[in-house]
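**Student:** Here's the letter readout for the chains.
Protein chains: 2
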Amino acid sequence: MTDLILKNVRPMGAPATDLNVTAGRFAESAAAGAETIDCGGRILIPGLVEAHTHLDKSLLGLPWYRNEVGPRLIDKIDNERAVKVSLGLDPRVQSERQALQSVAYGTTHIRSHVDVDTHHGLAGVEGVMATREKLAGIVDIEIVAFPQSGMITRPGTVELMDEALSMGVEVVGGLDPCGIDRDPRAHLDAIFGLAEKHGKPIDIHLHEQGALGWFSMEEILTRTRAHGMQGQVTVSHAFCLGAPDRAAVAALQEQLAEARIHIVTTAPASAPVPAVKELHALGILTGAGSDGIRDTWGPYGNGDMLERAMFVGLRNNLRRDDEVELALDICTAGGAAVMGLDGYGLAPGCHADAVLVEGETLAEAVALRAPRKLVLKGGRVTAQDGKCLTEAP
Amino acid sequence: MTDLILKNVRPMGAPATDLNVTAGRFAESAAAGAETIDCGGRILIPGLVEAHTHLDKSLLGLPWYRNEVGPRLIDKIDNERAVKVSLGLDPRVQSERQALQSVAYGTTHIRSHVDVDTHHGLAGVEGVMATREKLAGIVDIEIVAFPQSGMITRPGTVELMDEALSMGVEVVGGLDPCGIDRDPRAHLDAIFGLAEKHGKPIDIHLHEQGALGWFSMEEILTRTRAHGMQGQVTVSHAFCLGAPDRAAVAALQEQLAEARIHIVTTAPASAPVPAVKELHALGILTGAGSDGIRDTWGPYGNGDMLERAMFVGLRNNLRRDDEVELALDICTAGGAAVMGLDGYGLAPGCHADAVLVEGETLAEAVALRAPRKLVLKGGRVTAQDGKCLTEAP
Chain V
1 MTDLILKNVR PMGAPATDLN VTAGRFAESA AAGAETIDCG GRILIPGLVE AHTHLDKSLL
61 GLPWYRNEVG PRLIDKIDNE RAVKVSLGLD PRVQSERQAL QSVAYGTTHI RSHVDVDTHH
121 GLAGVEGVMA TREKLAGIVD IEIVAFPQSG MITRPGTVEL MDEALSMGVE VVGGLDPCGI
181 DRDPRAHLDA IFGLAEKHGK PIDIHLHEQG ALGWFSMEEI LTRTRAHGMQ GQVTVSHAFC
241 LGAPDRAAVA ALQEQLAEAR IHIVTTAPAS APVPAVKELH ALGILTGAGS DGIRDTWGPY
301 GNGDMLERAM FVGLRNNLRR DDEVELALDI CTAGGAAVMG LDGYGLAPGC HADAVLVEGE
361 TLAEAVALRA PRKLVLKGGR VTAQDGKCLT EAP
Chain A
1 MTDLILKNVR PMGAPATDLN VTAGRFAESA AAGAETIDCG GRILIPGLVE AHTHLDKSLL
61 GLPWYRNEVG PRLIDKIDNE RAVKVSLGLD PRVQSERQAL QSVAYGTTHI RSHVDVDTHH
121 GLAGVEGVMA TREKLAGIVD IEIVAFPQSG MITRPGTVEL MDEALSMGVE VVGGLDPCGI
181 DRDPRAHLDA IFGLAEKHGK PIDIHLHEQG ALGWFSMEEI LTRTRAHGMQ GQVTVSHAFC
241 LGAPDRAAVA ALQEQLAEAR IHIVTTAPAS APVPAVKELH ALGILTGAGS DGIRDTWGPY
301 GNGDMLERAM FVGLRNNLRR DDEVELALDI CTAGGAAVMG LDGYGLAPGC HADAVLVEGE
361 TLAEAVALRA PRKLVLKGGR VTAQDGKCLT EAP
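Heads up: the sequence lines are chains V and A, in that order.
Going by UniProt numbering, 134 is the number at position 134 of the first sequence; the sequence numbering is gapless.
Going by UniProt numbering, 323 is the number at position 323 of the second sequence; the sequence numbering is gapless.
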């Protein structure tokens, strides 16, 4: 581990200064023999946090997949399970490809939902765990056991989730308790039961819109309180918080704040989304993610969380500089807070996970999305000039 | 003008072939002494068409503008008029900067709305006209006289619009007849009167949502029929076509199709938008544009119409390959049709305005948005490897 002096750097856009890195952490003073990196007056931000993606299912590096999938959620789920077989998708290889592409864009932490189902068993989890081990010191990967194909409708899935959690998966996943499993009570009881058994947090996909989503959200709230899991539950997507009835949403959001439930948004342009300024005003921790990147669900996405900050900004109509800074905060400190990361930031004592970005201000960095000059993970240079220093398979 | 043989090229993703360019146009056979360019099996698409932007107001190349503007449309309009003075914005320089950045991204045709108001007079029009002349042979620029600050509420504006049209501006602009001018009858009578007097088409900004927008749209329809201007009227933004009452929208869209009114969308993530698949099914010509690029309205935008195709895709939830191809078509042939361009396309006889893009398929080209390998305008190489060959001021 190299000790560093980052010369002529602007932490979060502040006036230029020098920062020290000692034994992988930011430090008050320079270590003897520290190597100097001239940062050319660029802005330094803490490592970007990818708080919602699917490392096991990207098609990066494969021939182009021609998408002819039907319009319903279930069409996409069924198609994906089949295509994984027909393409012989290897979750270990695919997760490594996507994770390293994210590193090139300055991501230092990833929370990945990974499919667990009775068709593919724990192959996805094993693959992403192998990548996590291989990329230790380059990017931190947290795994959510994700019952993408349903849990109650597919007997045996809960047992696989249980096994995944015993193997070292950190988070219990869930998915549309009404829309997919058609049995919200059984679905939510199962995931809260697993969380209690393993002492692990929850992150549940909730695409359900309007009143259906509010109902599921209320059931999540009830169980969060009953299990004393305040601060341990994240709802991803939460499209129902983007519903037009703002009075109903406001009442729900107050309860979410009180139960310290976190929200992760991917800021899709074509679905209702939680209003991030409202969440921020209520103190609800909010992160962001890329969701699937070039997979059987759709062709878009690249893992660039600076681009995602722009998407958060565009979707929430954030135009003022302070608003764009909020979008960036969601893609850095917000995601870190949702994931409960220790020692995140640029202060002395924090892990030296950081990115040098182009632009005169933080808002310009988001608007430009230029190749990242430098990416550090624990003080180690992992990417330079937009290129990851570790080669992908 | 160089004659060319484009070797090993895939027109619109078709199998690799050779294409000939003779005297600035695609040709059946190669000219004697034609220069050969190896296209490396890349896809060739016709030049990207920027069908809605504001060349006169970009802040590209200036120090970062810290946006602290209020939330209403009128806040942004009033702020901009003032900031143009305080920053000493030169429309000639700014339009050249933006136009050349667009060329780097493969744009060969631009329709630019240019502010006409009693404060700045025709300075914007004169500046963009100077740029149009300077960049002849590099990018075609069409100018819309745009009464950004209102026309009826600012006496003297109609006369300035009239003068702009006499000077060679090609299109009559308009803006929210109810929302800004508060007098839809006077506003629309004025712009249709100018169109009739000068024999020029109309392109009107319509941000008005829901029933208010429907009302204005109906008034536009009435005048389009009365003036026999079918096929000569474009409505930009048309947020009212994104309203939730799809039956009302469908009835209106049928009338738009019948009156051959065109639609241009910028596919904003935070506003209701016309559903491009519905427009396509009705045969309504549809183009797309970047809108303002890094201006006092907001920090986003870069002029990349391949990225805009992605925005159109994301906003309209276009995931299948054929759907993504529609998004790209809107950013190429669709915009060209709206603008009534002659000789647009890759067929023999068409102007050799074209772009070499990266990716195995058209959908991948949109998803990747990689730097453009080559941009041709009338057979002349104007950009290479993402860089414009003409230096910006």
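A hint or two may mislead.
Identical chains blur together in the list; that is why a pair holds if it fits in one copy or across any two.
Stated by the list, open to error - Derived lysine to any residue pairs resembling SDA-like cross-links, with alpha carbons at most 20 Å apart:
{"hint": "1", "residue 1": "Lys134", "residue 2": "Cys178"}
{"hint": "2", "residue 1": "Lys76", "residue 2": "Phe239"}
{"hint": "3", "residue 1": "Lys76", "residue 2": "Gly179"}
{"hint": "4", "residue 1": "Lys277", "residue 2": "Glu68"}
{"hint": "5", "residue 1": "Lys76", "residue 2": "Glu323"}
{"hint": "6", "residue 1": "Lys277", "residue 2": "Ala16"}
{"hint": "7", "residue 1": "Lys277", "residue 2": "Val69"}
{"hint": "8", "residue 1": "Lys200", "residue 2": "Met229"}
{"hint": "9", "residue 1": "Lys373", "residue 2": "Gly386"}
{"hint": "10", "residue 1": "Lys76", "residue 2": "Ala248"}
{"hint": "11", "residue 1": "Lys277", "residue 2": "Gly70"}
{"hint": "12", "residue 1": "Lys76", "residue 2": "Arg320"}
{"hint": "13", "residue 1": "Lys76", "residue 2": "Ala136"}
{"hint": "14", "residue 1": "Lys277", "residue 2": "Pro71"}
{"hint": "15", "residue 1": "Lys387", "residue 2": "Ala370"}
These are calculated hints, taken from the structure and not from any lab test.
**Student:** Take the hints in turn and mark each one as holding or not.
**Tutor:** A quick look at each hint next to the structure:
For the homomeric pair Lys134 and Cys178, neither the shortest alpha-carbon distance inside one copy (38 Å) nor that between copies (61 Å) is at most 20 Å. Proximity of Lys76 and Phe239 under a CA criterion of 20 Å is satisfied intra-copy only: 18 Å inside one chain copy versus 30 Å between copies. When the C-alpha separation of Lys76 and Gly179 is checked against a cutoff of 20 Å, the pair qualifies only within one copy, where the shortest distance is 14 Å, while the shortest distance between copies is 42 Å. In the homo-oligomer, the alpha carbons of Lys277 and Glu68 lie at most 20 Å apart only across protomers (16 Å), although the nearest pairing inside one protomer, at 37 Å, exceeds that limit.
For the homomeric pair Lys76 and Glu323, the shortest alpha-carbon distance between copies (16 Å) is at most 20 Å, but the shortest distance inside one copy (34 Å) is not. Proximity of Lys277 and Ala16 under a CA criterion of 20 Å is satisfied in neither setting, with 30 Å inside one chain copy and 50 Å between copies. Taking the closest pair of Cα atoms, Lys277 and Val69 come within 20 Å of each other only across two copies (17 Å); inside a single copy the shortest separation is 35 Å, beyond that limit. Taking identical chains as interchangeable, the C-alpha atoms of Lys200 and Met229 lie at most 20 Å apart only when both belong to the same chain, with a minimum of 10 Å there against 66 Å between chains.
For the identical chains of this complex, Lys373 and Gly386 are neighbours both inside a copy (6 Å) and across copies (18 Å), given an alpha-carbon limit of 20 Å. Taking CA atoms no more than 20 Å apart as the test, Lys76 paired with Ala248 passes in neither setting, with 31 Å inside one copy and 31 Å between copies. Taking CA atoms no more than 20 Å apart as the test, Lys277 paired with Gly70 passes between copies only; the shortest distance there is 15 Å, against 34 Å inside one copy. In this homomeric assembly, Lys76 and Arg320 come within 20 Å of each other (Cα to Cα) only across copies, at 11 Å, whereas the closest approach inside a single copy is 37 Å.
For the homomeric pair Lys76 and Ala136, neither the shortest alpha-carbon distance inside one copy (32 Å) nor that between copies (48 Å) is at most 20 Å. Only between protomers do Lys277 and Pro71 lie at most 20 Å apart by alpha-carbon distance; the minimum there is 14 Å, versus 31 Å within a single protomer. When the C-alpha separation of Lys387 and Ala370 is checked against a cutoff of 20 Å, the pair qualifies both within a copy, at 12 Å, and between copies, at 14 Å.
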